[in-house]
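Q: So you can see what is in the structure, the chains are spelled out below.
Number of protein chains: 2
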Amino acid sequence: MPELRKDPISSRWVIIATERAMRPTDFKSEPQLIRGGFCPFCEGNEDKTPPEIMSYRERGTQANSKGWRVRVVPNKFPALRIEGKLNKHGEGIYDSMHGIGAHEVIVESPKHIASLTELEDKQVEEILWTYRDRLIDLKKDRRFNYGLLFKNVGTAAGATLEHSHSQLIVTPIVPISVMHEMNGCEEFYKYRGRCLFCDMVQQELATGTRIVYDGEMFVAFAPYASRFPFEVWILSKVHASHFENLQKLEAEELAHVLRNVLLKLEASLEFPPYNYIIHTTPFTLGEIEHYHWHIEIIPRLTRVAGFEWGSGFYINTVSPENAAEFLRETDIEKKAGSARS
Amino acid sequence: MPELRKDPISSRWVIIATERAMRPTDFKSEPQLIRGGFCPFCEGNEDKTPPEIMSYRERGTQANSKGWRVRVVPNKFPALRIEGKLNKHGEGIYDSMHGIGAHEVIVESPKHIASLTELEDKQVEEILWTYRDRLIDLKKDRRFNYGLLFKNVGTAAGATLEHSHSQLIVTPIVPISVMHEMNGCEEFYKYRGRCLFCDMVQQELATGTRIVYDGEMFVAFAPYASRFPFEVWILSKVHASHFENLQKLEAEELAHVLRNVLLKLEASLEFPPYNYIIHTTPFTLGEIEHYHWHIEIIPRLTRVAGFEWGSGFYINTVSPENAAEFLRETDIEKKAGSARS
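Residue numbers (the working numbering), protein chains in the order written: chain A, 1 to 341; chain B, 1001 to 1341.
Just so you know, these hints were derived from the structure itself, not from any lab.
Glycine is no exception: its CB is placed at the ideal position from the N, C-alpha and C atoms.
Some hints could be false.
Claimed, not checked - FRET-style restraints, in silico, Cβ to Cβ: (1) B:E1186 / A:R194: 23 to 31 Å; (2) A:Q62 / B:E1091: 52 to 60 Å; (3) B:T1160 / A:T61: 51 to 59 Å; (4) B:E1186 / A:D199: 24 to 32 Å; (5) B:G1208 / A:V238: 55 to 63 Å; (6) B:Q1247 / A:R194: 24 to 32 Å.
Go ahead and model the full structure; you've got the sequences and the hints to work with.
A: This is the structure in structure tokens:
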């Protein structure tokens, strides 16, 4: 019997179609890798990207030259432009404004690696600090209200370059997906006086069946109403509204948990295409009790069809309990050695 | 300069990235066609599907045998099951119920055709009547609250069979996409006392730049805040909350408009993968003034990446004005002759 489950955050329902369930080995994902050839993100090719916005680099080396460890550049084909005024205006019933915002690329390594998991925990931690530094910098610009950090890996997940990188799109508008989450959390807070995400973390830890990685400060689990097979969320165990307020010790553990979960996905699903997204609190809000930043990791193993587009329902053929069990039991030490050739 | 535009219905923003704009010929869509081989939907293979729920067939012919024009069968791999009780229950903060619902397939022709456009207007009209008959029948079941009619064409749009067909998924829950639309319309109605979709139709007709087909009773246009290149919506010019209350003359024209718009898309974009979805009013609501049923047609030319998933923003590289102009000027008479080989 399929099961309908409701995500309490967004009020979205999903169909867990357990009878259609497939084993992880049944997912034949599209190849994650994109192409060889010239890579503008590799060390030595710094002049092939727009000039860098910032980099973590060895003392004494020059901007836009070798010596960097993480490098942030404007997207060469930005979805939004950094210069200009918003020029908000109406056209009858419609609202419009100039496409002002920031669109940056975080190049995660000077070496041509296809996955962030090829880095050490320490290097992943530097990527997290880069995310934070960019958010804090762009927050100062009063035209902007949100920074969305995300990663596309593999063609099916929308990537066009193989070299491991993330992106940051900063917008004058709070994205509607975040608004819907915040609205759901606010209603719960009004009613119960607690953070819904915190309650979720407590329940997941108590239940245990959907846990993928249980750390000291962070927990990774397959959400109860997972939209996609092997969807995993990472949350802080203590309440935290803003990603950018990460403590040093938290960043260390988060780097480890993130890399660990990605290693498990790569080992279980043979380097699937995936996205991850960080949802945090909008720029103009200070510490709030009802919203909790988190990372959503979405392997892109299945195609989204008309029903999903038209309804916002998702049909998920792998129950989160099965997905979590499989990921928990995946031995990344053993598999990591036999990684991509 | 890219432009941010807001869809007044759902409050979703899109980025019209005009500088990234491509010509229609730049879209190299994945092949729409799926495979040859045995087709369970072709006339003569009636025993290869579950027994039919209904069919329009020649007088004197037997169910589940030749002689039908349109045939409705249960989906062989249903997302939801028709038998059973909802068994709504909670698990701590989570809500769940049995996956009860209907999942039907509308086979649109006894002949193996890959597109509904290969049918005459009259035959397309019969498909619309089939949609209506199924909605009206399933509405009687008090367990259900919504019927979502949709069509997947091509692998990239989630289709697994080539033979032209639509699907109906009936759910106990109103889909969240429809809820968001209805909430937006209700707020507008409270404020202005009018249907937001009716206002949209008026403004589109007055502006003209986004019109794709202007009929007597129906209008097709590229929505102001199109999420996807060449997205087209079809709406009744007079207010209508329920698809299933379609008048006979309206059905005749709608069949013509729908086929015409699809022909234009096929001729312009070389048989793109696409979805269409009918959004109508939930079963338990009678005539309402603030929601307006409509068809959303979504060519699937681009991949949805992490930013879209994470934000609900969409980046559209073709302005709806350019898309509409191109579709208006597409000569389907000329192209129809040189259709798929």
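Q: Output the numbers, in ascending order, of every earlier hint that fails for this structure.
A: Hint 6 is the one this structure does not satisfy, whereas the remaining hints hold.
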